[in-house]
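S.K.: Here's the letter readout for the chains.
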Amino acid sequence: MADPHPPGLNEEGELEGSSGRHGGILRQFWDSTIGKKIVVAVSGSILGLYLIVHMLGNLKGFQGPGGGEPEIDVYGEWLREVGSPALPEQGALWVVRAILLLALVLHVVAIVQLSRRNLAAKPKGHRPPRIQRSLASRTMLLSGLVLLAFVVFHVLQFTTATIQTTPIVEGEVYANLYAAFQEWYFVVFYVVSMGLLALHLRHGAWSLTQTMGWDKPNRNPTLRRTATALAVVVSLGFAAVPLGFWLGIVPEPTSEAAATAASGEPR
Amino acid sequence: MNFKLKVWRQSDAAAAGEWRTYGVSEIDSGASFLEMLDILNDRLVVEGERPIAFDYDCREGICGSCALTIDGTPHGPRQVTSCQVFMREFTDGSEIIVEPFRASPFKVLCDLVVDRTPFDRIVEAGGYISVDAGPKPEPNATPISPETQQAAMDAAACIGCGACVAACPNGSAMLFTGAKATHLNVLPQGQPERYDRSRAMVEQMDAEGFGGCTNTGECEAVCPQEISISVIGELYRDYRKSMVHVLRSRRGRMKAQ
Ligand code: HEM
Ligand code: FES
Numbered sequence: 001m002a003d004p005h006p007p008g009l010n011e012e013g014e015l016e017g018s019s020g021r022h023g024g025i026l027r028q029f030w031d032s033t034i035g036k037k038i039v040v041a042v043s044g045s046i047l048g049l050y051l052i053v054h055m056l057g058n059l060k061g062f063q064g065p066g067g068g069e070p071e072i073d074v075y076g077e078w079l080r081e082v083g084s085p086a087l088p089e090q091g092a093l094w095v096v097r098a099i100l101l102l103a104l105v106l107h108v109v110a111i112v113q114l115s116r117r118n119l120a121a122k123p124k125g126h127r128p129p130r131i132q133r134s135l136a137s138r139t140m141l142l143s144g145l146v147l148l149a150f151v152v153f154h155v156l157q158f159t160t161a162t163i164q165t166t167p168i169v170e171g172e173v174y175a176n177l178y179a180a181f182q183e184w185y186f187v188v189f190y191v192v193s194m195g196l197l198a199l200h201l202r203h204g205a206w207s208l209t210q211t212m213g214w215d216k217p218n219r220n221p222t223l224r225r226t227a228t229a230l231a232v233v234v235s236l237g238f239a240a241v242p243l244g245f246w247l248g249i250v251p252e253p254t255s256e257a258a259a260t261a262a263s264g265e266p267r
Numbered sequence: 268m269n270f271k272l273k274v275w276r277q278s279d280a281a282a283a284g285e286w287r288t289y290g291v292s293e294i295d296s297g298a299s300f301l302e303m304l305d306i307l308n309d310r311l312v313v314e315g316e317r318p319i320a321f322d323y324d325c326r327e328g329i330c331g332s333c334a335l336t337i338d339g340t341p342h343g344p345r346q347v348t349s350c351q352v353f354m355r356e357f358t359d360g361s362e363i364i365v366e367p368f369r370a371s372p373f374k375v376l377c378d379l380v381v382d383r384t385p386f387d388r389i390v391e392a393g394g395y396i397s398v399d400a401g402p403k404p405e406p407n408a409t410p411i412s413p414e415t416q417q418a419a420m421d422a423a424a425c426i427g428c429g430a431c432v433a434a435c436p437n438g439s440a441m442l443f444t445g446a447k448a449t450h451l452n453v454l455p456q457g458q459p460e461r462y463d464r465s466r467a468m469v470e471q472m473d474a475e476g477f478g479g480c481t482n483t484g485e486c487e488a489v490c491p492q493e494i495s496i497s498v499i500g501e502l503y504r505d506y507r508k509s510m511v512h513v514l515r516s517r518r519g520r521m522k523a524q
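Residue numbers (this note's numbering), protein chains in the order written: chain X, 1 to 267; chain B, 268 to 524.
Calculated directly from the structure, the hints in this document are not laboratory data.
For every residue, glycine included, the Cβ atom is placed at its ideal position computed from N, Cα and C.
A hint or two may mislead.
Here are the simulated distance ranges between beta carbons [to be verified]:
hint, chain 1, residue 1, chain 2, residue 2, range
1, B, S516, X, L102, 22 to 30 angstroms
2, X, F62, B, V511, 42 to 50 angstroms
3, X, G91, B, P344, 56 to 64 angstroms
4, B, I411, X, V192, 47 to 55 angstroms
5, B, D399, X, G91, 58 to 66 angstroms
Work out the full structure, taking the sequences as your base and the hints as a guide.
M.R.: Now the structure itself:
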């Protein structure tokens with residue numbers, strides 16, 4: 001080819017009009033609606049993959065109180081220790097937390113910016129009638145915002161133990177869950193949030209395949225069914241835990257410390 | 268047939284605009300929607316009122332000029348162009364609401380006429396291929412499979428009417444831009460500029476103020492040419508790849524010293 005560099009690029013191989021080395025193109029990517037949507041898709045996938053693992057871990061609650069040391073407490077302990085001595089104590093845990101926080105921040109920031117754009121692109125009072133958009137796709141912003149509130153509350157309750165409406169003792173995972181889910185309002189809040197999670201994932205898990213350009217007419221039915229199945233399985237798996245504790249399907253904790261925690265007054 | 272028409276009247280782009288109601292009577296059931304508007308306009312002229320402005324050209328569903336939002340839905344409920352809507356589809360005596368395509372980048376110029384030049388600028392940004400001048404190339408030198416040809420033709424069917432934008436809750440132009448990019452991007456002739464095209468067209472689409480796609484699929488449900496959201500998937504993919512392409516093309520440059 002006679003042309004020394006691709007059209008639209010300068011001699012340095014940078015986009016014409018771009019400033020920095022990689023700054024130009026990354027900036028352009030982030031500023032475009034598609035680029036931002038890809039950020040939403042990738043960060044959403046990270047959150048979604050984490051949710052699958054988290055849901056499976058939670059099911060350990062169904063292994064019951066054990067002989068003083070519930071399986072889920074052992075698992076919680078393992079999460080803190082995993083990776084050591086190669087990593088410092090809780091090292092792996094913090095790496096995962098950092099990734100999740102970054103993903104959540106990117107997801108929400110991109111969505112806020114995109115939503116503002118989308119709102120501006122439609123003159124006020126002219127929302128087009130619904131023809132084939134799904135309930136899930138119409139309520140992504142709502143389900144997302146409730147999930148955000150849920151995540152903040154959930155971390156304050158079980159991770160930082162800030163919310164002590166029912167006593168939360170670090171390390172006593174089983175007893176903490178048992179105590180919290182004796183209260184109907186926590187059960188309702190958790191189960192309703194998981195219902196919205198199901199909606200968010202039903203559209204989101206398919207939508208990300210379209211956003212990444214992986215969906216094709218012949219793959220579409222499979223991808224959509226997989227997304228729906230994923231949404232149902234993940235949210236039912238999560239919702240089973242509060243329901244299990246509330247309905248008495250899993251028994252009271254047995255260990256002494258846990259028993260006092262479960263019966264004790266709020267701190 | 269008799270109808271009550273609630274029509275959006277707006278004298279120019281700067282004016283506020285308002286709803287006006289007109290009765291039309293003794294309309295032939297075989298009349299098209301645009302013919303019905305013609306009949307009303309003839310009367311308005313006689314009555315000394317400014318006729319209702321609306322876009323049209325071919326009146327046979329191929330040019331994409333006509334652009335009415337009928338009872339809230341772009342081109343009405345039958346997924347055809349506005350000129351292919353007929354009065355027999357409506358209940359005698361009913362009220363019909365007629366307004367322009369609604370999207371912020373499509374400024375209302377007058378009554379039912381909107382400015383769709385943002386589409387022209389998106390096409391200008393990348394909807395072309397470069398062909399070397401010279402002798403006619405040997406046709407068999409560039410084989411194109413029937414599947415590829417079909418994909419290109421399906422995308423090329425877009426007549427640029429803008430209904431997709433009007434039907435989108437986000438005012439996104441992804442179906443249009445996807446169609447215009449895809450019909451060139453899948454063909455051998457479109458390959459040299461493929462990634463620059465995708466990037467430039469998306470950039471122009473964003474610059475025009477269209478919203479982003481949230482994969483609701485409303486666009487394809489009103490498209491009179493039945494363009495599928497698969498072209499949106501193609502555009503997503505080509506745009507993503509174009510970014511990698513740029514990053515790659517700057518990698519590993521040698522300098523002497
Ligand atoms: C629990 C964590 C979350 C997960 C697993 C998750 C997952 C996803 C996924 C996979 C997508 C699809 C991306 C795409 O279509 O390209 C998505 C989109 C979206 N998410 Fe989330 N998300 C989460 C939290 C949130 C939060 C906190 C918000 C709050 C603002 C939110 C708002 C949205 C919106 C508005 C969309 C775009 C929907 C669309 O394009 O139709 N999400 N999410
Ligand atoms: S006037 Fe040409 S498509 Fe309707």
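S.K.: It remains to establish, for every hint, whether it holds in the given structure.
M.R.: We went through each hint and held it up to the structure:
1. B:S516 / X:L102: 22 to 30 angstroms: Hint holds: Cβ distance 28 angstroms, inside 22 to 30 angstroms.
2. X:F62 / B:V511: 42 to 50 angstroms: 45 angstroms, holds
3. X:G91 / B:P344: 56 to 64 angstroms: At 60 angstroms between Cβs, range holds.
4. B:I411 / X:V192: 47 to 55 angstroms: Since I411 (chain B) and V192 (chain X) have Cβ atoms about 54 angstroms apart, the given range 47 to 55 angstroms holds.
5. B:D399 / X:G91: 58 to 66 angstroms: 60 angstroms, holds
Checked against the numbered hints above, the structure breaks none of them.
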